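Peer 1: Each chain is listed here by its residues.
Number of protein chains: 2
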Amino acid sequence: MNSEIRNKRMADATLKVLRADKTPLANQEVKIEQTRHQFLFGTAAFDLVPLANGQYSGEEKEQAERRAEKLTNLFNTATLPFYWGRFEPQRGKPMTGQLKNAAKWCIERGMSVKGHPLCWHTLTAKWLLSMSNPEILVAQTERIKRDVSDFRGLIDMWDVINEAVIMPIFDKYDNGITRLCKAVGRIKLVGAMFDAARAENPSAILLINDFDVSSAYDILVEGCLEAGIKIDAIGIQSHMHQGYWGVEKTLKVLDQFTRFNLPIHFTETTLVSGQLMPPEIVDLNDYQVNDWPTTTEGETRQVEEAILHYQTLFGHPLVEGITWWDLSDGGWLNAPAGLIRRDGSSKPAYDELKKLVKGEWWITPIKLVTDKNGEIQFAGFLGDYELIYGRTKRSFTIAKENRTTITIKV
Amino acid sequence: MNSEIRNKRMADATLKVLRADKTPLANQEVKIEQTRHQFLFGTAAFDLVPLANGQYSGEEKEQAERRAEKLTNLFNTATLPFYWGRFEPQRGKPMTGQLKNAAKWCIERGMSVKGHPLCWHTLTAKWLLSMSNPEILVAQTERIKRDVSDFRGLIDMWDVINEAVIMPIFDKYDNGITRLCKAVGRIKLVGAMFDAARAENPSAILLINDFDVSSAYDILVEGCLEAGIKIDAIGIQSHMHQGYWGVEKTLKVLDQFTRFNLPIHFTETTLVSGQLMPPEIVDLNDYQVNDWPTTTEGETRQVEEAILHYQTLFGHPLVEGITWWDLSDGGWLNAPAGLIRRDGSSKPAYDELKKLVKGEWWITPIKLVTDKNGEIQFAGFLGDYELIYGRTKRSFTIAKENRTTITIKV
Chain A
1 MNSEIRNKRM ADATLKVLRA DKTPLANQEV KIEQTRHQFL FGTAAFDLVP LANGQYSGEE
61 KEQAERRAEK LTNLFNTATL PFYWGRFEPQ RGKPMTGQLK NAAKWCIERG MSVKGHPLCW
121 HTLTAKWLLS MSNPEILVAQ TERIKRDVSD FRGLIDMWDV INEAVIMPIF DKYDNGITRL
181 CKAVGRIKLV GAMFDAARAE NPSAILLIND FDVSSAYDIL VEGCLEAGIK IDAIGIQSHM
241 HQGYWGVEKT LKVLDQFTRF NLPIHFTETT LVSGQLMPPE IVDLNDYQVN DWPTTTEGET
301 RQVEEAILHY QTLFGHPLVE GITWWDLSDG GWLNAPAGLI RRDGSSKPAY DELKKLVKGE
361 WWITPIKLVT DKNGEIQFAG FLGDYELIYG RTKRSFTIAK ENRTTITIKV
Chain B
1 MNSEIRNKRM ADATLKVLRA DKTPLANQEV KIEQTRHQFL FGTAAFDLVP LANGQYSGEE
61 KEQAERRAEK LTNLFNTATL PFYWGRFEPQ RGKPMTGQLK NAAKWCIERG MSVKGHPLCW
121 HTLTAKWLLS MSNPEILVAQ TERIKRDVSD FRGLIDMWDV INEAVIMPIF DKYDNGITRL
181 CKAVGRIKLV GAMFDAARAE NPSAILLIND FDVSSAYDIL VEGCLEAGIK IDAIGIQSHM
241 HQGYWGVEKT LKVLDQFTRF NLPIHFTETT LVSGQLMPPE IVDLNDYQVN DWPTTTEGET
301 RQVEEAILHY QTLFGHPLVE GITWWDLSDG GWLNAPAGLI RRDGSSKPAY DELKKLVKGE
361 WWITPIKLVT DKNGEIQFAG FLGDYELIYG RTKRSFTIAK ENRTTITIKV
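So the sequences go chain by chain: A and B. Each residue of the first sequence is one higher than the one before, starting from 1 at the first, in our numbering. Each residue of the second sequence is one higher than the one before, starting from 1 at the first, in our numbering.
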């Protein structure tokens, strides 16, 4: 483990274990076990929507369940799809119930959920096209208020606005959100969207998210912050279909955002295990192939790069989450971007990431003996834990902030 | 003349000419003559500093005077150099006197002057390097206050900040301004620089200026405006050493800035009349050649492109100025970017631009006869004029705003 990870992601804690009568539990063996990372190890989990809504059956259902098991074994966070055009294809008939089932499925399994995205020009509702710009603004604002309110407690983390850098100049096809953004300006639109979301869920983690990692994006973030918009985390996509950025570029990108001293989420991380997309493709969506197989060499490359990417990001003090995109092959662009093959088997990248996330970076059950004061010195990864003494289980949290003693009554 | 130019740059005016006793000057022939464009036809005029300060002699002086004559025959605005490292190589000993002489030289010849630039990371004062960031901020602010104050009335137009998009990430060499910008952020620095300049000359035209014409720049402008910074005009460089942008790109660049409804100045326009700089050069300063001759084919290309560029910009409603960079060959990068060759002769681009600026787009002396009410209907380019009746000369101005009658007493 590199020293950045040790310094940034672990903390020393003193546990003071007391009996019910408040006397120290002296010289006793207890078991300590990590139950959750504070760090958000996430994945796009669109597949959970049909699964949680009973839309699979037979062999298909069993496969989906196996994928879901792999998902919960590795990840603690799921990104669920709120693309407006799909979420509410007919105005007034949103898929709220289905998405709630998927979010509940995650929460029952100890995962947190992020909704993606609330405002985006791509895959937005087609029915906006018949509206005037002021009407689009009202509809978009109401959409955010409705969904953030409906999902409060289930989804408390949102990509509020997606790809605002290109939004007003997006010229692939006419759409309501590009029109709106062109009319009101990027910063005013970001502000209006954040205001709407914040009003309905003040404690939610609200992100701005973009694939653009040029100066345009950090200048936009600066402009939003100078305009008084409260951004909780900066979302950076990293769809590396055309090849891994490498550590140097990754650190350079991070460096552009460190001055804001805000949490950074790598929201959409892709590394393919097949042929790379040709470098001349500018908009990844332009690359349409019927067949894009995973290969043995590709999988070897993918696992090496994935490890390096996760190590780099987990070692950076401002990064608080990484989301893999997609969990299984054949998702967006039909790419072999999964950690799981089409047949449901795990690729090396799945196994090796699990060895990190639930191995090297994880406190597996350990037995420790309290001293005469009932105390235990303990260094753990930031996150949630259980202390087990006999049949008693008590949970506690190791956060960077608590350098003091954690008192646990058993 | 294309219709945009007719619509945007000309206005219909009614002149009502009265005698001293206020009776109409009926049925009399008067002469009308344009004396100045409202539009800023400018050029980099660094060469005027040694000329105005008597630093040339003999043949060199005669050549400089001939260049200066060509300059004043075509242009109404001059950009003078305020690169901090050259303007004040030793702290506390600025070249104020020399620059004042150059500015006065221009004003005596009816030209306006722009100072370029007040804050820039390139060519900045080397002695900033020994300072802390707060000290650099004070020094930079004081420099702006001193110079804007010293030149008030002589120079009332400034490129306040230059290339802020790249400023904090400029990595060619260490310099005080990059350090400062990285520490305080682009928008805060722009704001501080504008505040300093505005405080000393509230009615000055203050510009932000950049070579970056990606989304990063218009997002920066938006961020500055949302943060409450009053920008009087947006400066866009267009150093086309690697080839003319063409009309389409030019209009696309303009389109990115039209939503701000602010005046736009093309502050640094270069079209070479020799070999183009290779496309792989990213920072133009990296291209260092001893010899870069003007050629016949190059001059033919240059004149065609220059005409097209000026027509495009003069036809755009928000553009209020174009500055050619440089007037003579052998300036920046030793490029054949001039309108004048090294031997002092005019290139076709000089002659043809003059035919536009002082020909097609200019009201040469015309004789008109007043009606029985002393009135004349008259369509002219926006700018200053003289009405001559016998030995009496009266000046008047045609502005877009005055659709009403202009009363002139002779």
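Do not rely on the hints blindly, as some may be mistaken.
To be verified - Think about it this way: if two alpha-carbon atoms lie no more than 25 angstroms apart in a straight line, the pair counts; the simulated SDA-like pairs of lysine to any residue are:
hint : chain 1 : residue 1 : chain 2 : residue 2
1    : A       : K182      : B       : L254
2    : A       : K354      : A       : I281
3    : B       : K182      : A       : F170
4    : A       : K182      : B       : Q256
5    : B       : K104      : B       : P50
6    : B       : K252      : A       : Y173
7    : B       : K249      : A       : K252
8    : B       : K252      : A       : I281
9    : B       : K172      : A       : D255
10   : B       : K188      : A       : I281
11   : B       : K188      : A       : D195
12   : B       : K252      : A       : K354
13   : B       : K252      : A       : K400
14   : A       : K400      : A       : G92
15   : B       : K230      : B       : E200
16   : B       : K249      : A       : I281
17   : A       : K252      : B       : D283
Said to hold, decoys possible - Examples of chain B residues toward chain A, derived with CB under 7 angstroms:
hint : residue
18   : G223
19   : A227
20   : I231
Because the hints were derived from the structure by calculation, they are not lab data. On a predicted model such as this, the values are computed, not experimentally measured, just so you know. Idealized CB from N, CA, C, for every residue including glycine.
Peer 1: Against the 25 angstroms threshold, does the CA-CA distance of K182 of chain A and Q256 of chain B hold or violate the hint?
Peer 2: It holds: about 10 angstroms lies between the C-alpha atoms, which stays within 25 angstroms.
Peer 1: Is the straight-line distance between the alpha-carbon of K230 of chain B and that of E200 of chain B 25 angstroms or less?
Peer 2: holds, 15 angstroms
Peer 1: Holds or violated: is the Cβ of G223 of chain B closer than 7 angstroms to a Cβ in chain A?
Peer 2: G223 of chain B check passes; min Cβ-Cβ to chain A is 2 angstroms, inside 7 angstroms.
Peer 1: Holds or violated: I231 of chain B as interface residue toward chain A, Cβ cutoff 7 angstroms?
Peer 2: violated, 13 angstroms
Peer 1: Quickly compare the C-alpha distance for K172 of chain B and D255 of chain A to 25 angstroms and report which way the hint goes.
Peer 2: holds, 17 angstroms
Peer 1: K249 of chain B and I281 of chain A: Cα distance at most 25 angstroms?
Peer 2: holds, 21 angstroms
Peer 1: Holds or violated: K252 of chain B with K354 of chain A, Cα cutoff 25 angstroms?
Peer 2: Not satisfied, since the Cα-Cα distance of roughly 48 angstroms exceeds 25 angstroms.
Peer 1: Is the straight-line distance between the alpha-carbon of K400 of chain A and that of G92 of chain A 25 angstroms or less?
Peer 2: violated, 44 angstroms
Peer 1: Is K182 of chain A close enough to L254 of chain B, meaning Cα to Cα at most 25 angstroms?
Peer 2: Holds: K182 of chain A and L254 of chain B sit about 14 angstroms apart, inside 25 angstroms.
Peer 1: Please work out if K354 of chain A and I281 of chain A have their alpha carbons no farther apart than 25 angstroms.
Peer 2: Measuring from Cα to Cα gives roughly 32 angstroms; hence the hint is violated.
Peer 1: K249 of chain B and K252 of chain A: Cα distance at most 25 angstroms?
Peer 2: violated, 30 angstroms
Peer 1: Is the hinted pair K252 of chain B and K400 of chain A satisfied, with a Cα-Cα distance of at most 25 angstroms?
Peer 2: violated, 49 angstroms
The structure shown violates the earlier hints numbered 2, 3, 7, 10, 12, 13, 14, 20.
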